[in-house]
Each structure stands twice: as structure tokens, then as C-alpha cells.
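**Q** Heads up: the sequence lines are chains R and Y, in that order. Per the working numbering, the very first residue in the first sequence carries number 1; after that it's consecutive. Per the working numbering, the very first residue in the second sequence carries number 1; after that it's consecutive.
Derived from the structure by calculation, the hints contain no laboratory data. Don't be surprised by glycine CBs; every beta carbon is placed ideally from N, CA and C. Check the hints yourself; a few may be wrong.
Taking lysine-lysine and the PhoX-like style, the derived pairs with C-alpha atoms no more than 20 Å apart in a straight line are [as the list claims (entries may be wrong)]: (1) R:K163 - Y:K303; (2) Y:K141 - Y:K356; (3) Y:K356 - Y:K385; (4) R:K163 - Y:K435; (5) Y:K135 - Y:K356; (6) Y:K262 - R:K163.
Label-pair restraints from in silico Cβ distances [what the hints assert, rightly or not]: (7) Y:K157 - R:R294: 53 to 63 Å; (8) Y:G64 - R:A193: 51 to 61 Å; (9) Y:S246 - R:A139: 35 to 45 Å; (10) Y:G240 - R:L156: 42 to 52 Å; (11) Y:K175 - R:Q152: 24 to 34 Å.
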Amino acid sequence: MSVAPPVPPGSLRNKPASGVGRSGPVAWMVLPALVLFTVFGVVPLIGVLVLSFTQWDGLGAIHAAGLSNWKSVLSDSQLPHSILVTFEIMILSWLVQTPMSLLLGTFLAGRQRYRAFLAVLYFIPLLLSSAAIAITYKALLDPNFGLGPGLQLGFLTQDWLGKSNLALGVVIFIVSWQFIPFHSLIYQGGVRAIPTTMYEAAAIDGAGRIRQFFSITVPQLKYTIITSSTLMVVGSLTFFDLIFVLTAGGPGDATRVLALDMYKRGFMSNQMGPASVIAALIVLLGLALALLLRRLGGSTTASQQEGA
Amino acid sequence: MDPMTTSRRTFLGFVGGGALAAGLAACGSSGPSSTPGSTTGASGAGGAGSGATYWFLTGQPQQGIREAQVKRFNDANPDTKLKTTEFQNDAFKAKIKTAIGAGQGPTLIWGWGGGGLKAYVEAGQVEDLTDWLNKDQADLKNSIFPSAFTAATVNGKIYAVPGETVTPIVLFYDKRAFEKIGAEPPKSWQDIMSLVPKFNEKGIAPFSLGGQSRWTNMMWLEFLFDRIGGAEVFQNIFDGKKDGWSDPSALKALEEMQNLIKANGFIKGFSSITADSNADQALLYTGKAAMMLHGAWTYGNMKASGGDFVTGGHMGYMNFPPYDGGKGDPSDTVGNPGQYMSISSKATDGEKETAKKFIANNTLDDATVEAWVKSGNIPVVKSAKDKLSSITDKNDSAWLNFVYDTAANAKNFAQSWDQALSPTQAETLLDNIAKLFQLSISPQQFATNMNAVIGQ
Chain R
1 MSVAPPVPPG SLRNKPASGV GRSGPVAWMV LPALVLFTVF GVVPLIGVLV LSFTQWDGLG
61 AIHAAGLSNW KSVLSDSQLP HSILVTFEIM ILSWLVQTPM SLLLGTFLAG RQRYRAFLAV
121 LYFIPLLLSS AAIAITYKAL LDPNFGLGPG LQLGFLTQDW LGKSNLALGV VIFIVSWQFI
181 PFHSLIYQGG VRAIPTTMYE AAAIDGAGRI RQFFSITVPQ LKYTIITSST LMVVGSLTFF
241 DLIFVLTAGG PGDATRVLAL DMYKRGFMSN QMGPASVIAA LIVLLGLALA LLLRRLGGST
301 TASQQEGA
Chain Y
1 MDPMTTSRRT FLGFVGGGAL AAGLAACGSS GPSSTPGSTT GASGAGGAGS GATYWFLTGQ
61 PQQGIREAQV KRFNDANPDT KLKTTEFQND AFKAKIKTAI GAGQGPTLIW GWGGGGLKAY
121 VEAGQVEDLT DWLNKDQADL KNSIFPSAFT AATVNGKIYA VPGETVTPIV LFYDKRAFEK
181 IGAEPPKSWQ DIMSLVPKFN EKGIAPFSLG GQSRWTNMMW LEFLFDRIGG AEVFQNIFDG
241 KKDGWSDPSA LKALEEMQNL IKANGFIKGF SSITADSNAD QALLYTGKAA MMLHGAWTYG
301 NMKASGGDFV TGGHMGYMNF PPYDGGKGDP SDTVGNPGQY MSISSKATDG EKETAKKFIA
361 NNTLDDATVE AWVKSGNIPV VKSAKDKLSS ITDKNDSAWL NFVYDTAANA KNFAQSWDQA
421 LSPTQAETLL DNIAKLFQLS ISPQQFATNM NAVIGQ
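Looking at chain Y on its own, in the form it has when it is part of the complex (with noise of 0.2 Å):
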């Protein structure tokens, strides 16, 4: 077909060669580390021949959970073992679409599904999954929550498996900030923007704010964007409606958005705040500011670094508030309904099958829900509900519980923004949120911006 495409291999060795010098570079101290424990010495290159490989995120509780389902794979398959290569966030982020570009890629995928998914199904790089769980995997497909395939569906079929924890994006307060200024939780934005001055007067900041990281703020739009328009707004972006972003609501949620900004709802300096460092939540916790919404994968460390924060029962947490007078369903939800697993169209079928076999037994099995449960997280299997009944610890049982109810009853599960747009959408849209919590662009010209690239 097209000439250029038999060269892509040669070509890749010599740019994606240079490009992945500089991704790494890029990365700094943050490359791979090989697994603790790990019988083999993690090798970049598991495309060939070498047994399947997987690689995954670090950071706990997670990567302990993700560390413990390999082992007991390797110690009951001693001869098809699978060998993992841990990596920081970002540095995954940048290293998985050079490796699977260059055909260097491992035979597990992680992601987060929806648009990385989509590229990597346009490219032909995943295996087609759908027959697999209908027919051998049924009780497994049927053990997940219907919602969490959403994101894992393109063009109608299956590609990759839902796995680990369903995350929703949560408003958090500290009870202590609400006695001190003696107001009750916010019932709608309304209340919202009329606690902000309250707390102002107090010299707490209203809300805590990773800014640099931008994703943080996105949250706030992916909220307001439903509460004020309802879950369309967003779809239409997603299936490329043309001036999808010119909405009335949309433009009114941008609006309301940048009030709460002008109001010094945010912390001071929110801009130079990063979510990486947990900073934003040493802000909630350290009692400097009031609320902050985030998600429901902080809880981990805010229980373990913030003191008595949990421990002593002075953290709320709610679904975001409805908008007076708008059309979001006020049960609605965003965030990331779940992690996804994917097999690589390039490896060998020795490879797929272990890996398959890795999936369909290690996965969600019984180990990993308990884990997932005992760190404050809900997994993405209904039977997650049975497990809860078994946490003593008041203040985990109560998060649990809330956090499944919200993920169980959200009418709409909306996956959050970054990851359900194309590559290209999101970094333009991240940017340009960026840009709209500086002030230094308005709602008209934000739209302006981001229908530009829509559907692309």
C-alpha cells in the first residue's frame, strides 16, 4: 500500500532510536526500576521472543497489589513467567507509545483506556478481546461493572479488560475549616460561591489546588460541564460534534469557573502547586484550606500522611454539588471507572496466551479484590459490595461504602477528559485549561481554541 509504511521499521530504529533518548532523558530520575524481587533483570525490549512482559506504574498501595499478582502468577507458572518494568507515571505516559511505536512494547499494556486506547486499536497494536470475554471469560466479563467497558470499547468491540479500582473524583472538606467559619457543606455551586468569602475572612483558602498539573483542574470543568448542561455536553465533544465546545452551557460552565478564580476561591500561588508532590493535599489536611476536589485514589495517602486528618474523623467528602437551575443528573460522576489491560497485537501467541492466562486468573481474583479493598479502594467487580462488610476500621468502611455507592448509582460514569479524547485534544485542551485558570483567555476564546481540534 502505501510506500513509506515498509520502512517504518528501519525508520524507527534511527528516529525512534534518538526520539526515545530524549523521552528518557526527558524523564530525569524518574526511569524505570526494575521489580524488587523480580527473577529477571527488566529488559526494555520484550516485543521478541523474550516471554511475555508487563509493564506497570509504581506508587503504593497499587504497586504492591500489582507486585503480589505477578508473584503468585511466576510461582504457579514457574515455566511461562512474566517479567515486569516498573515506571513513574509520566515517564509510563512517555515510554509506552515510543516503545509500542517502535515495536518495542510489552506484551501487557496498561492504560487508562478510551483515547490511548483508540490510538493504539487504530494502529493495529491490541489484540481484539471481545470473543475471548464472551465466550471463554463470561463469568469474568459479568463479574465487572458494565460501566467500566465503556472506555474499554471501540467501534463496538472489546479491547482491552477492566481491571484494579473504579476512582471517582470526589469533593473532600476538612469538618475542622466548616466548624470554624460555623456553615454547613455546600448544597450547590451557589453555597459554594458564597463560602468562599467566609473562609477567605478566616485566612483559610476556600479550595487546595495542584494547578501545575492541570488535569486537577480540568476536574472542576468536567463537573460543572455536567452539572450545568448534563452529560451531552461532553458527549458531543466526544463524537466530534462541529463548535461542540460553543455550547451555551459549556460557555457558561467556563464562566463560572473563572468567577470562583476571580472570587480567590482557589489557594494562593494554586498555579505553582503540583498534584505529584501531594502538596495539594498536605493543603486539606495541614488545615490551609478548606475543600479540594480530587481522587478517590488520595484517600490512601491522605489516611497515612495527614496526621489525625482521618484518622480522627475530620475529613468530609460528597458527590461535586448541584447547580441550581441545571440539567445534570446531581448522582452523575466523573474519573477513571477503572484500569485497562491490554495484549499486544505484536507479540507471539506463547506470549498472548500467558498473558491471557495472567489476566483471566491474577487479576481480580479473590487476593487482589481483598488488597484492592483493604487500601481503601473499590475494585472494579460488583462482588467488591461483599468485601466491605469485612473492614473494622469505622472510618474505611464509611469511605468504602461511599465510594461504591457513588460509583454504583452515578447515572453516568463519565470518563475523565484526558483520557477519553484523542492524544492531540487533550494536550490542547490541558493547555488551554491551563490558560483559562491564568485568566489570560477568556470562555469565547477557550471554546474558540478547542473546536479547532475537535474530532481530530
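The following block holds chain R by itself, in its conformation from the complex (with noise of 0.2 Å):
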């Protein structure tokens, strides 16, 4: 892990604007993405910020609070709870989507007609949004009107969303149902960026498929596992539509994922407050995350094509 690529020379893209005068023309390109992520990011995060240090229903006036939100919340059961099922969430889904979207990923780096075809029907779950996609799924496992009970198959006939373990599963099972298609399109473009040569030495070799697989396919695939890993990891911190309308965070608050408690507190309950709290932690959480992946992946984001 420690043994980071050595930077190409000549490559000096991560340390821009050192006072050199090339920057100029390159600096105003940026301006239109910071001018976005400036009023849509940064400013209602400090608007959060600010309000997560008052006391606000969302109606009346906004009476400052002090710390007082940040240590009910703290101290609040719900909000072990909502972290632990949030990292469950994370967790499986994660162990669930990355096998199988790089071995479907690799399958569908190939360039045979019936694989493009394939390729198509995979990606239709990417197409449906979440919200459609949930209320299918409750009409399917309803256990009276459902899939099982239509086609009288009694392992299909369970209460689904009212168990707390079914529900959680359920919710996994849709998620990575969900974006499979996403995650395998990313490595089938990682995979194609493999030189056949590799292959084709590996080869000669005497290498087969499956040694092929670990030892050159999925080492090559290194920086592309740490994209579509952040992309679940940061993502799932956020999931929310899918589960609020699958099971708004039922049964109980089985599947109430941080997303959705920020949400209930927010919303439902007219407390700003403790909700902007949430919001702030969300956003510690990812911040972490996405730092720690980046730290696991080494400092640059060269390729390790060549010399690797």
C-alpha cells in the first residue's frame, strides 16, 4: 500500500497555480463549477451549520440555541442506531455490488455481439428512478397481493418489510439490485483500458482464465475498485429516496438510515435543529470516508499502467 506509483515525469497537474503564469487562462474554467458548488454546496452547509446551533420549527422565528442541539442529539439513542444501520447498509451493499459488478463488468468488456445485447438488458435497473423502483418492490412484497401469494410460492411469502432483518435485507437487496448496472459499467471501461498485451503475455505464460482474472485484471483495476467504492460508500450515506418511500424507515426504525432521521426530525417533527445536526454529521461522515478511501488508494490518481 505504501509502495505509491512513482509520479511520471513531467506531471505536475497536482500542484497547479504555483504562481506560474499558465494558470490564467486555465483558472476561469473553473469558475462556473465554484460558482455552483458555492451556492449550492458551501452555502446552505454554512446555513447548516448556523442552524444547527438554533432552535427553529421552520415557521416561526429562529431563536439561537447554543449547544444544546448537538448535545441532545449526542446523547440520543436514535442516533447510534440510525449510524449502525446507515454502516450496515454501507457495509453489505458494498460486499454485495463490487464482486458483482466486476465480474460483470469484466464479462462485459468483451466485444461479442450477445455480450452488448446483455449489456443492455443490465442496464435497465439504472433507468428507473428510485422512487418508482421502491413502489414496484412494495407491490411485489406485499404478503397478500404480492409475487407469492400470485404465484402461491410460500418462500416468496414473507412479511418483507415488516421484519426488521427482511427489511434491512430487502433494502440491500434493491440497492445493489440498483446500481450494479452503474458499478459494472465503470469497470467494463476500467477493463477495456487494460492492454491486451498483458493478456496476451500472461498467455504465453501458461496463465489461465481465472489466474488471468486476479492477477492482472483486478490488480489493474485498483484505482477504478476505489472509485466505484467511494461512490457506494459517500452514496449510501445519502440514500434516502429508495428507503423513504420502501419503508419510510420501518418497521419500527429498522432501516432509518441518518439520511432519513435527519429527514423525520426535520420535517415530520419541525425540529431544524436537531435535523441541521444530523446534516453536519452527514457530511463530517462523508467527508472521512471519501478521505480515508483516498488514503487507501495511495495520494495520486496516476495510472499504474505502465511499470506497475
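Please assemble the complex out of the two chains, which come individually in their own frames, going by the hints.
**A** Written out as C-alpha cells, the structure is:
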């Protein structure tokens, strides 16, 4: 892990604008993104941070409340539970999605016609909105009028969304079902970028398909895996729409992830202060996780293709 | 005063904007839809100088009646037309709060009164209508059921006009299911408990329940609290009395609730079922469940979707039975004593006038009352009784008379708890009810959790 690949000479793109006149014309190109990010990212973030130190019901006047929101949220037993649920969904769905996407991506990287056809089919879940997926699954999983009773299949006739563990499993399954296509696409691109010369050399050395996969494909995809994992991990922190429509955090609070906890406190209990505390915590957690994953992958994003 | 208040607008522009986006995203497919046939595109912002606006809920038959009211008003007042925007229920609840807080709310604020209205009043967002109703509109006021004004009154002043329909919660049952087991409908809670194993033996679920919606479970507790301890048990909680949820009657009611759940009183998988999809009603009219405790508003859908369930005379209904040895009055009922319209204090004088004119002339006029009765609902006016004799359909007539009598004869018509309590308490309540029904907390824990937020 500590053996970071050598930075190719001349690629000083990691430290731009160090007084060099060259950065002038390039700098303004960042402006549109910067303006958007400031207006829709940084400013609301500061707003939320300020709100977290106030008491506000969303209707009347805002009163300063000092640290009381932070104290009450951090000592509330709901918080560790929501964090636990969030991480359960994050880790378990990562464990399901990553191997499946990796295999599917590698499979789809082949240029055969039937694989292109299958790729289109695999892509379908990504075209549907989360709300539509949730409503559809809710209907399919209905214990009285759903798929199980309809087809007279006993094992499908479960109280899927009514039992804590089952509901969590269903959420993880649907999340994976929805996002595996997306990550397969990332891996497909990654696999196609691996030079065929490496496989040819390995074949001459007598390596079989499986050996090639583990010794060439997976190591070469290191950065792709990190990218895809970052998206999964940070994405699952803000996971909301699917769970909100599917279980509304239930049964009880079995699937109440952090984002849902925030929404419920803010918009259903009318307690914007505590909700803002959770929002701030989500931002901190997301940043920490993204940084951690970047660390794992070494500090540069340089390709390890040559000379690795 | 508070320096924070001055910058509220700016603040809201930033925070509310993001929050609104989040709120809307959360609503997914159920965003606003503009009125069909409405002259103007529904613009979200109705606050500033763009004419009076009115937001209301979708879902038939209510939607059609509301649209007709607005159309009559706009035809009669071409210069001061009312602009409408329609929302699905949950989307409305989320959006209206945010919009009012951001000063972007409609002129006419539709709602359920009670705790939600109180929050608006405390924030100074709605007009005091006491004088207007007592002086200018005394006739209108006197035509409405007096019980409907309780949830419209905050600190002795009236901030909303009751309208639309009175909908008590009713115990529906399937007469065919009772014939199958050769039993009579329950006359007491104890009867209910003894019916449960009989239905289960025949493979019929005793009760249908859309447990995922949570407020469906709440209706059970509302009745059990009343029947066991009388109306004052919840009144104490409502008044913010310390440890009100630990009242011995309350604990007993919670325990009885769990007894029924443990005895498999509800359909298998009830916590997966939502009321929004009407699956709970379908369980009753398809014969999978024998009984269902639900709002009077479900009658229309069960008649329309239930095949011959209503038209064939298979549907039975009754007020919730008494509890042997309980203190509650058996005539008591719970539910929605009406729906409410308030006027935004942030609207211009012209907009307020338009809104008042609409309320006075078009919300409880003859055409509206007739339309409500025809749709199987009892409007909140006393004159509804006179319209009942004109109903020719035998089933509708019997049903409407039953609803009217239940509402009019109730010694105490309690408002649904989640509407009566403040939003903070309501959310904690619904949360804990879901856990109580999951049997994951005991009655004692429920009371402790709820006592913690009493009066908030």
C-alpha cells in the first residue's frame, strides 16, 4: 500500500497555480463549477451549520440555542442506531455490489455481440427512478397481494417489509439491484483500458482465465475499485428516496438511516436544529470516508499501467 | 428583538431552498400537479401580489368537489380568480410547512386543524377569524357542527373555518365472514378477543390493518384509551399534564393492544401494508379479513372497488364496541371533526378578501353540501341531515344516516391524535406506536418515551 507508483516526470498537475502564469487562462474555466458549488454547496452547508446552533420549527422565528441541539442529538439513543443502520447498509451493499459488478464488468468488457445485448438489459434498472423502483418492489413484496401469494410460492410470501432483519435485507438487495449496472459500467470501462499485451504475455506464460483475472484484471483495476467504492460508500450515506418510499424507515426504526433520521426530525417533527446537527454529521462522515478511501488508494490518481 | 429574526428571509432563501429541494426529491413521483382546466399554470409562489392561491389534496371524490368549488367561484368572480395547486397527501404535508415558513405559502391554507394549526398560530402565520365569523358570517358559523370548532380554536380564538366532511373512525366488518363462523358482531372488547381464535381457525384474519402507515395503528389506541379510561385520559395528555401517558388506564389500553397483536388479531404481515395503496381495504372486501377499523372516508373506495361488497349488502359497520368495566362513554368517537381552511397573514388585503369570499360563498354552499352527500360523506353542516332523505340508494342512505348519527350523537368527538398534538409529539407518537405494534417495546417503555415529549 505504501508503494505509491512513481509520478511520471512532467506531470505536475497535482500542484497547479503555483505562481505560474500558465494557470491564468485555465483558472477561469473552473469558475462556473465553483460558482455553482458555492451557491448550492457551500452556502447551504454554512446555513445548516448555523441552524444546528439554533432552535427553529420551520415556521416562526429562529432563536439561538447554543450547543443544546448538539448535546441532545449526541446523547440520543436514536443516533447510534441510525449510524449503525447506515453502516450496515453501506458495508453489506458494498460486499454484494463490488464482486458482482467486477465480474459483470469484466464479462461485459468482451466485444461479442451477445454481450453488448446483455449489457443493454443489465442497464435497465439504472433507467428507473428510485421512487418507481420502491413502489414496484413494495407491490411485489406485499404479503397478501404480491408476487409470492400470486404465484403460490410459500418462500416468497414473507413479511418482507414488516420484520426488521428482512426489511434491512430487502433494502440492501434493492440498492444492489439498482446500482450494480452502474458500477458494472465503470468496471467495463476499466477493463477495456487494460492493454491486451498484458493478457497476451500472461497467456504465453501459461496463465489460465482465472489466473489472468486475479493477477492482471483485479490489480489493474485498483483505482477503478477505489472510485467505485467511494461512490458506493459516500452515496449510501445520503441514501434516502428508496428507503423513504419503501419502508419510511420502518418497521419501527429498523431501516432508519441517517438521512431519513434527519428528514424526520426536520420536516416531520419540525425540529430543524437537531436535523441540522445530523446533516452536519453526515457531511463530516462523508468527507472522512472519502478521504480514507483516497488514502487507501495512495495519494495520486496516476495510472499504474506502465511499469506497475 | 431577536437579531436572528431579521435575517430570517435571507436565511430561508438559502436553507429553505435546499431543504425544499430535498423535500420535493423525497416526494418523488408525487409532486404537485396543476389543476386540469385551470386558467393559470400552478405557480408555487403565491405569497406576493400574484392573486389569491389555494392548495389542496388530490384523491377522488374530494378532489372533484374542491375543483368544482373553485370553478364556481372563478366563474362568478372573473376579476379575482383563485389559483389552485393540487398535491398528494404526504407531499402536501411536507411542502406546506416549508412553504409557509419561507413566506411562499398559499393564501388559503388547507389543513386538519389541531396541533398543526397551533404551530401556524404561534408563528403568526394565520389570520384571526374570530370577529369575522362572529359578526360578518354568523349564519355560516351557526350552520356548522359546534364540535368542529374545537380543532379550529387556539387560545380561545378561531383561526380556521371548518369545511368539507366529518369523518369518524368506524369498525367495518364483512357479514359473510361472520356467517362462516356462525357468530355475531362483537358487542364488547372481550367479544373481540374471543372472536379472534374463531376467525383464525377458519383461515380468515380477524382484522385487516395497514400497519406501515402507523396512524392506522393509532386509531386502535384512540378507541382503547377512550373506552377503558374515558375521554379525559387523552385530554390530560393534550393539556400537557406531566406523565399523562402513565395513567393506569393508558397502560391497560396499551397492554390490551399488545394482547390482541399477540393473539394474531391482525392479518399476517400487517406492518408491510400501507393504507395509501388501499390494500387494507382490499383485504376486507376480498374476504381475507373479517373486520377493519378505519375512517369513514374509505366507504367510497370500498363501494367503487369492492365489487358487490357494498352494493350486495355484505358490508357491516358499527361504532367501536365498549370495554366491559371501562369508563368511556360508548357513544364517543374519534376521527376528523372536519377539515380546515385558514387565511395566511402574509397575504395582501386583496388576497385575503378573495379568500374570505371564497370561504363564505363556495365552501359550504348548497351545491357543495349536495356533492358531499352524493359522494357518501357527511359535510360539517347541520343541514346535511335534510339532504339525506333525497338519497335513493338504500346502502348509501343507511351508511350516511349511520355516520351522521355517530357524529351528531357522540358525547365526545376526539380529534385524531397525530393532528391534535404538536408535530414534534405526533412524530414521536407514531414512531412509538409502530414499535409497540412490533412488540419491540413494552407498554411501560411506550409511556416513558411519550412522557418525555409531553407538552413539547
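**Q** Does each hint fit the structure? Answer for all of them.
**A** Consistency of the hints with the structure:
Pair hint K163 of chain R plus K303 of chain Y does not hold up; C-alpha atoms about 32 Å apart against a cutoff of 20 Å. Distance check on the hinted pair: K141 of chain Y and K356 of chain Y sit about 13 Å apart at the alpha-carbon level, within 20 Å; holds. For the given pair, K356 of chain Y sits about 26 Å from K385 of chain Y by alpha-carbon distance, which is inconsistent with the 20 Å threshold. For the hint linking K163 of chain R to K435 of chain Y, the alpha-carbon distance of about 11 Å falls within 20 Å, and the restraint holds.
Restraint check for K135 of chain Y and K356 of chain Y: satisfied, since their Cα atoms lie roughly 13 Å apart, inside the 20 Å limit. Distance restraint check for K262 of chain Y and K163 of chain R: the Cα-Cα separation of roughly 15 Å lies within the 20 Å cut-off, and the hinted pair is therefore satisfied. With their beta carbons about 59 Å apart, K157 of chain Y and R294 of chain R fall inside the hinted range of 53 to 63 Å. At about 59 Å, the CB distance of G64 of chain Y to A193 of chain R agrees with the hint of 51 to 61 Å.
A beta carbon spacing of about 41 Å between S246 of chain Y and A139 of chain R agrees with the range 35 to 45 Å that was offered as a hint. The given range of 42 to 52 Å is respected by G240 of chain Y and L156 of chain R, whose C-beta atoms sit roughly 48 Å from each other. Look at K175 of chain Y against Q152 of chain R: about 28 Å separates their beta carbons, and that is inside 24 to 34 Å.
Of the numbered hints listed earlier, those contradicted by the structure are 1 and 3.
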